[in-house]
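Protein chains in written order, with our numbering: chain A, 1 to 274; chain B, 1 to 274; chain C, 1 to 274; chain D, 1 to 274.
These are computed hints drawn from the structure, not numbers from a lab. Accuracy of the hints is not assured; some may be wrong.
Since the list can't tell identical chains apart, any single copy or any two copies may satisfy a pair.
Listed next, the in silico SDA-like pairs over lysine to any residue satisfying Cα-Cα at most 20 Å (straight line) [unchecked claim]: (1) 178 with 122; (2) 52 with 108; (3) 46 with 15; (4) 178 with 114; (5) 95 with 249; (6) 249 with 24; (7) 52 with 114; (8) 46 with 81; (9) 210 with 67; (10) 210 with 125; (11) 52 with 34; (12) 210 with 12; (13) 178 with 146; (14) 93 with 47; (15) 52 with 129; (16) 249 with 18; (17) 46 with 192; (18) 210 with 97; (19) 64 with 223; (20) 4 with 141; (21) 4 with 216; (22) 64 with 262.
4 protein chains.
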Amino acid sequence: MAEKYRQNEPIEDVQNRPDPRGIAINKVGVRNLRYPIVILDRAHEKQATVAKVSLSVNLPHHFKGAHMSRFVEILNEHHGDMTMWSLPDILHKLKERLDAESAHVELSFPYFMERSAPVSGAVALMDYQCAFIGETENGADEFILRVTVPVTSLCPCSKEISDYGAHNQRGEVTMEVKGEKAGRPEMIWIEELVEIAEQSASAPVYALLKRPDERHVTMQAYDNPVFVEDMVRNVAQRLMQDPRAARFKVTAENFESIHNHNAFASVEWQREKQ
Amino acid sequence: MAEKYRQNEPIEDVQNRPDPRGIAINKVGVRNLRYPIVILDRAHEKQATVAKVSLSVNLPHHFKGAHMSRFVEILNEHHGDMTMWSLPDILHKLKERLDAESAHVELSFPYFMERSAPVSGAVALMDYQCAFIGETENGADEFILRVTVPVTSLCPCSKEISDYGAHNQRGEVTMEVKGEKAGRPEMIWIEELVEIAEQSASAPVYALLKRPDERHVTMQAYDNPVFVEDMVRNVAQRLMQDPRAARFKVTAENFESIHNHNAFASVEWQREKQ
Amino acid sequence: MAEKYRQNEPIEDVQNRPDPRGIAINKVGVRNLRYPIVILDRAHEKQATVAKVSLSVNLPHHFKGAHMSRFVEILNEHHGDMTMWSLPDILHKLKERLDAESAHVELSFPYFMERSAPVSGAVALMDYQCAFIGETENGADEFILRVTVPVTSLCPCSKEISDYGAHNQRGEVTMEVKGEKAGRPEMIWIEELVEIAEQSASAPVYALLKRPDERHVTMQAYDNPVFVEDMVRNVAQRLMQDPRAARFKVTAENFESIHNHNAFASVEWQREKQ
Amino acid sequence: MAEKYRQNEPIEDVQNRPDPRGIAINKVGVRNLRYPIVILDRAHEKQATVAKVSLSVNLPHHFKGAHMSRFVEILNEHHGDMTMWSLPDILHKLKERLDAESAHVELSFPYFMERSAPVSGAVALMDYQCAFIGETENGADEFILRVTVPVTSLCPCSKEISDYGAHNQRGEVTMEVKGEKAGRPEMIWIEELVEIAEQSASAPVYALLKRPDERHVTMQAYDNPVFVEDMVRNVAQRLMQDPRAARFKVTAENFESIHNHNAFASVEWQREKQ
């Protein structure tokens, strides 16, 4: 069979061909890509973890395709450093090298924090699923931090109506918060959102509890019953009081111990412009 | 221990208590509930399948909690019949029995269609993941049909630049379409969206192919190379021409055979009011 | 380009070629195939549901490949009827049509049962993930029923050491049981295994509970604390007493409400030959 | 309510109570625990990644329960170092501190390797899902390395019977290998298994390919067609020739581009004692 290209001959750029359909594409890119990243950690400066990555740009109607390999090239140039502060740089490179007007990045990763058990003080690592979501569009950058915090929730109704006991379960509180100050992205620590979620539930969950700790959290949960509705309201109240929170969505979900389905609630909120 | 309730004494309604926090909840409900449903089928009138169900309502700021068991009660009253035509009824019952202003239903289920192989005519069932999404808010009902169609996609760039062969892979085209006619929900068949997606890809995928069929689809794919960008544009073009499509989002994703990550593209579109 | 085959000319059977490597293959087949099935139901005779299907055979060392389309053909011939009684027939067809010595079938599906709430009697459907696993090898057929039952488990340690309350959670009990009588497969109902698992836990879980029911199951769980170790032993004890259980594996897993990880235990057992 | 325990009073050890049921438990432990680990890397000495962890021991019939918190304590003592060489130490600590006769550890994690594209030499990280599985029982330690390698597979039948083109897809080759030398665990590098799998498929997959690379792998795959049966046999042949491989299971699975289900094959093999 004849060879299409002789050595060193340029290879045709099919993606660069014009497209006749006249339809602009909102997002084109790569996703489900795993990548080791290093992120900022309030206690230890830096933390190594592994992210699922999604990168995309818009595609104007006159181009046939995006050059997908450039997404991975840009990721490789940056992998030593993924923070709120490097995200804008990645977004702008995506825009520039892919000839786009908007760009979108999402990094989802487990984040680890050393936690001390409440009575014994025994220390162990707890994991929290987090995400950095960055977007640049119409010249404005936006940065959203998402943190999912596992918690214990104990049902106020079950406690109230039963002579003893109360059903409780593992739940999850997910917060997506846009941090902003004077119109620019503003840092919120993962650690801060973990704290807010735990204070809004019946009790925190831990990786390691000795017997005196188990006794403590059992009673702590019984003393602080909450519905999913209470958890989202408690978190919302706290976030509304934080001037850095320009916009948020908070969701609570209970893996109900008395059902085979989950209960959930969510609140979305945006700070009024001043 | 003293009993809290004597026989037949009314049990306190904790959810009904007033809430002092002044925070309205956008959505509260149940999710991840599995349920057998019967849906309309263009070829056989009815088809039995199994859905993952999510049901929710809004909760005004003055109520402490929603009565979660009512969601499941309403689902049980309806389970024999889940169509675009019964969804409004479920939405209105949710609103009414939960004292809410808005309600949301999502049923996600596999749908089966008998497909004939292109040469041998051998018949087998193919599965398509679908969803009915219904919402009622401010007195208006909305109905969205989501269908995910597995397809073959063959890379135009790989074909163009290689002396022989071309990488191809399983891809998925997902369409979310709001059907509307004269301001009211309008029926679009699952079968219609499956057809649109398959015509927009390199070739359909089948559950059963004999050798002459395999030969056929191999060459069909090679003759019709498409990027993810092409697939979303092809689908968008077809949907724009259908007056029932008031709004849609179409996404294509390729499980790239030469990468360990996926390529994707999406287009969102809304018909201008006339 | 020259056409390889003229109309009606036989197409070469590549799979049928001899293989020189001399390596026999234990299992070759298809998996992750979704299929609607109808199964026996103790209360209603028949129940329609949707299965994930895996079908395989062994491949002697001298064949290059298996004819994969035959798996789907055999499935299509049978889809109206999937029970313990039709499984041997499918296994024997697989062996015969694929020239194999052993065959393996696995159908995994949700199964629904109407359950009445313990006080109000309110009726709703509960789902249980089940599987039929059939194997024929060396002339012997084997049939295994797998049932996973969601339950409530309440921690005996937490109850014992706390002044009030006790952590509890959703757990899952999974039983895989080989039913046999006089050396031949013997029927065990899904309903029987559901009952055994629920009696072995702190309390059953339900799809629908009204307030008096919630009060009941809260106290029932508190009165019957169990570890995962207790649940597997309770189930094992019951199964050992059932002469149809020739072999079983039982696993219990708790989605711990005080941790972000799960606790689990498992027991495997085989009846001694008599 | 009366307090059960005064300050500093010992809390009852419920797990340590005797159990009257006389049923030994094969495995009891924790799973689905996420943990950051550091593992050996042939190119860079050490690599930080994140593992899903499962730890278990047997429980003799006379104990009521295992002390679950000890699993997490032992993991915390070791988290800086997880290699084939530290696994025996963890296993022995589990046995000792939990008064058990057998112990089992499974760490599943993504592993990253820098790969150069075949023509351009462009470098990017590829991820491979791996696991360390260790077991100690009856005084003998066993160590199994599991590696899953994504590959391209191109169908020999489709190539043979079609005038042009050939369907191909992403596939996965999973190898579980017990390394042994003179009756003791013996090291096999993840990198070695990756190489074996890639040589056994139609072509490797990469994270980053420029156009000349895409041209290369497209033709490489077309020149090396393989069924899932071929892939498992090719891997098996290579492993049989490696004297360190005392036992293995190899599975290949294709995400078929012409079907919505997967094709798979597996071979299990054990070296005869010499």
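Hints, verified against the model:
Taking identical chains as interchangeable, the C-alpha atoms of residue 178 and residue 122 are never at most 20 Å apart, the minima being 34 Å within one chain and 36 Å between chains. In this assembly of identical chains, the alpha carbons of residue 52 and residue 108 lie at most 20 Å apart whether taken from the same copy (5 Å) or from different copies (16 Å). Taking the shortest Cα distances, residue 46 and residue 15 never come within 20 Å of each other, neither inside one copy (39 Å) nor across copies (39 Å). When the C-alpha separation of residue 178 and residue 114 is checked against a cutoff of 20 Å, the pair qualifies neither within a copy, at 26 Å, nor between copies, at 35 Å.
For the identical chains of this complex, residue 95 and residue 249 are neighbours neither inside a copy (27 Å) nor across copies (23 Å), given an alpha-carbon limit of 20 Å. In this assembly of identical chains, residue 249 and residue 24 lie within 20 Å of each other by CA distance solely across copies; the values are 13 Å between and 29 Å within a copy. In this assembly of identical chains, residue 52 and residue 114 lie within 20 Å of each other by CA distance solely across copies; the values are 17 Å between and 23 Å within a copy. Both within a single protomer and between protomers do residue 46 and residue 81 lie at most 20 Å apart by alpha-carbon distance, with minima of 9 Å and 18 Å respectively.
In the homo-oligomer, the alpha carbons of residue 210 and residue 67 lie at most 20 Å apart only across protomers (9 Å), although the nearest pairing inside one protomer, at 54 Å, exceeds that limit. In this assembly of identical chains, the alpha carbons of residue 210 and residue 125 lie at most 20 Å apart only when taken from the same copy (15 Å versus 39 Å across copies). Taking CA atoms no more than 20 Å apart as the test, residue 52 paired with residue 34 passes in both settings, with 5 Å inside one copy and 15 Å between copies. When the C-alpha separation of residue 210 and residue 12 is checked against a cutoff of 20 Å, the pair qualifies only between copies, where the shortest distance is 12 Å, while the shortest distance within a copy is 65 Å.
For a Cα distance limit of 20 Å, the shortest separation of residue 178 from residue 146 inside one copy, 9 Å, qualifies, whereas the shortest one across copies, 29 Å, does not. Taking the closest pair of Cα atoms, residue 93 and residue 47 never come within 20 Å of each other, the shortest separation being 25 Å inside a single copy and 28 Å across copies. For the homomeric pair residue 52 and residue 129, the shortest alpha-carbon distances inside one copy (11 Å) and between copies (13 Å) are both at most 20 Å. When the C-alpha separation of residue 249 and residue 18 is checked against a cutoff of 20 Å, the pair qualifies neither within a copy, at 40 Å, nor between copies, at 23 Å.
Taking the shortest alpha-carbon separations for residue 46 and residue 192, only the intra-copy value of 17 Å comes in at or below 20 Å, while the best inter-copy value is 31 Å. Taking CA atoms no more than 20 Å apart as the test, residue 210 paired with residue 97 passes between copies only; the shortest distance there is 15 Å, against 54 Å inside one copy. Taking the shortest alpha-carbon separations for residue 64 and residue 223, only the inter-copy value of 18 Å comes in at or below 20 Å, while the best intra-copy value is 61 Å. In this assembly of identical chains, residue 4 and residue 141 lie within 20 Å of each other by CA distance neither inside one copy nor across copies; the values are 44 Å within and 57 Å between.
Proximity of residue 4 to residue 216 under the C-alpha cut-off of 20 Å is restricted to the inter-copy arrangement: shortest distance 12 Å between copies versus 73 Å within a copy. Proximity of residue 64 and residue 262 under a CA criterion of 20 Å is satisfied inter-copy only: 18 Å between copies versus 44 Å inside one chain copy.
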